[in-house]
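These protein sequence lines are chains A and B, in that order. All you need for this note's numbering is the position in the first sequence, starting with 1, plus 977. All you need for this note's numbering is the position in the second sequence, starting with 1, plus 264.
Do not rely on the hints blindly, as some may be mistaken.
[Stated by the list, open to error] Below, simulated DSS-like cross-link-like pairs (lysine-lysine); rule was C-alpha separation at most 25 Å, straight line:
id: 1; chain 1: A; residue 1: LYS1045; chain 2: A; residue 2: LYS1033
id: 2; chain 1: B; residue 1: LYS335; chain 2: A; residue 2: LYS1078
id: 3; chain 1: A; residue 1: LYS1048; chain 2: A; residue 2: LYS1090
id: 4; chain 1: A; residue 1: LYS1078; chain 2: A; residue 2: LYS1045
id: 5; chain 1: B; residue 1: LYS335; chain 2: A; residue 2: LYS1090
id: 6; chain 1: A; residue 1: LYS1078; chain 2: A; residue 2: LYS1019
id: 7; chain 1: A; residue 1: LYS1090; chain 2: A; residue 2: LYS1019
id: 8; chain 1: B; residue 1: LYS273; chain 2: B; residue 2: LYS321
id: 9; chain 1: A; residue 1: LYS1078; chain 2: B; residue 2: LYS321
id: 10; chain 1: B; residue 1: LYS273; chain 2: A; residue 2: LYS1048
id: 11; chain 1: A; residue 1: LYS1048; chain 2: A; residue 2: LYS1033
id: 12; chain 1: A; residue 1: LYS1078; chain 2: A; residue 2: LYS1033
[What the hints assert, rightly or not] With the Cβ distance kept under 7 Å, some of the chain B side facing chain A (calculated, not the full set):
id: 13; residue: PRO303
id: 14; residue: MET305
id: 15; residue: GLY306
id: 16; residue: ALA314
id: 17; residue: THR318
These are computed hints drawn from the structure, not numbers from a lab. All figures in this text were calculated on a predicted structure; none of them were measured in a lab. By construction, the Cβ of each residue, glycine as well, lies at the ideal position given by its N, Cα and C atoms.
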Amino acid sequence: GESVGLHLPTLSVQEGDNSIINCAYSNSASDYFIWYKQESGKGPQFIIDIRSNMDKRQGQRVTVLLNKTVKHLSLQIAATQPGDSAVYFCAESPLYTGGFKTIFGAGTRLFVKA
Amino acid sequence: NAGVTQTPKFQVLKTGQSMTLQCAQDMNHNSMYWYRQDPGMGLRLIYYSASEGTTDKGEVPNGYNVSRLNKREFSLRLESAAPSQTSVYFCASKEDSPLHFGNGTRLTVT
Chain A
978 GESVGLHLPT LSVQEGDNSI INCAYSNSAS DYFIWYKQES GKGPQFIIDI
1028 RSNMDKRQGQ RVTVLLNKTV KHLSLQIAAT QPGDSAVYFC AESPLYTGGF
1078 KTIFGAGTRL FVKA
Chain B
265 NAGVTQTPKF QVLKTGQSMT LQCAQDMNHN SMYWYRQDPG MGLRLIYYSA
315 SEGTTDKGEV PNGYNVSRLN KREFSLRLES AAPSQTSVYF CASKEDSPLH
365 FGNGTRLTVT
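Just need the whole structure built from these sequences, with the hints factored in.
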């Protein structure tokens, strides 16, 4: 069935270290993947996305890697800062929905230790 | 500021009461969405509107109705609230790519 799952529910890192948040997806028909960040009391906020014709995309301090062979998505945050503490969601948009539907994983909570 | 605005921010209802959650976006997006978020879970789609004049069921539509009032506004109605509908509700909109979310309505049904 459709599912987007995360390997770890929580991740704790030291300030300044790199963070890696992993995500497995099950729908081979998905062609668009997104990472969102959700801070307490707020709605999810877009971080970075990637299409299935790419395997890596970089933003400011963030990189998303896509491995279609094993249906795995990861978010790397360089030089993690206290402001990065939040819940991170991976999401996918299957082709058969025409891009209208987005399916979310359960989320990983990132704690940044000062 | 451009974005998605949801009202109210908080609401407490008794079982059986009705209410409407309001959502408006000023980004001229065609598609609008209602999600619910429960502890330890991701967001689950309740209803969506691909464009003005259309609405479709999502993953968990039971107990809810929606109205796409115009291109800007998409409301979610609970006709007879139940404790299982205690949740945080998020409205979102998009045009091509990522969703843009409001800051949510926290609803408690007692």
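Hint check: 7 Å Cβ-Cβ cutoff, MET305 of chain B to chain A: holds (6 Å)
Take a quick look at whether LYS1048 of chain A and LYS1033 of chain A sit within 25 Å of each other, Cα to Cα. holds (14 Å)
Could you grab the alpha-carbon distance between LYS1078 of chain A and LYS1045 of chain A and see if it respects the 25 Å cut-off? With a Cα-Cα distance of about 20 Å, the restraint between LYS1078 of chain A and LYS1045 of chain A holds, given a limit of 25 Å.
How about THR318 of chain B: closest beta carbon in chain A under 7 Å, or not? At about 10 Å, which exceeds the 7 Å cut-off, the nearest Cβ of chain A leaves the hint on THR318 of chain B violated.
Is LYS273 of chain B within 25 Å of LYS321 of chain B, Cα to Cα? Judged against 25 Å, a Cα distance of about 24 Å means the pair holds.
Verify the proposed pairing of LYS1078 of chain A with LYS1019 of chain A, using a straight-line Cα cut of 25 Å. holds (21 Å)
Given the hinted pair LYS1045 of chain A and LYS1033 of chain A, is their Cα-Cα distance within 25 Å? holds (11 Å)
So if I understand the rule, the pair passes when the alpha-carbon distance is 25 Å or less; does LYS335 of chain B with LYS1090 of chain A pass? violated (44 Å)
Check the hint pairing LYS273 of chain B with LYS1048 of chain A against an upper bound of 25 Å on the C-alpha distance. Violated, at about 37 Å.
Are the Cα positions of LYS1078 of chain A and LYS321 of chain B separated by 25 Å at most? Within the cut-off at roughly 11 Å; holds.
For the restraint on GLY306 of chain B, tell me whether the closest CB of chain A is nearer than 7 Å. holds (4 Å)
Does the closest beta carbon of chain A sit nearer than 7 Å to the beta carbon of PRO303 of chain B? violated (10 Å)
Figure legend: structure checked against the earlier numbered hints; hints not met, in rising order: 3, 5, 10, 13, 17.
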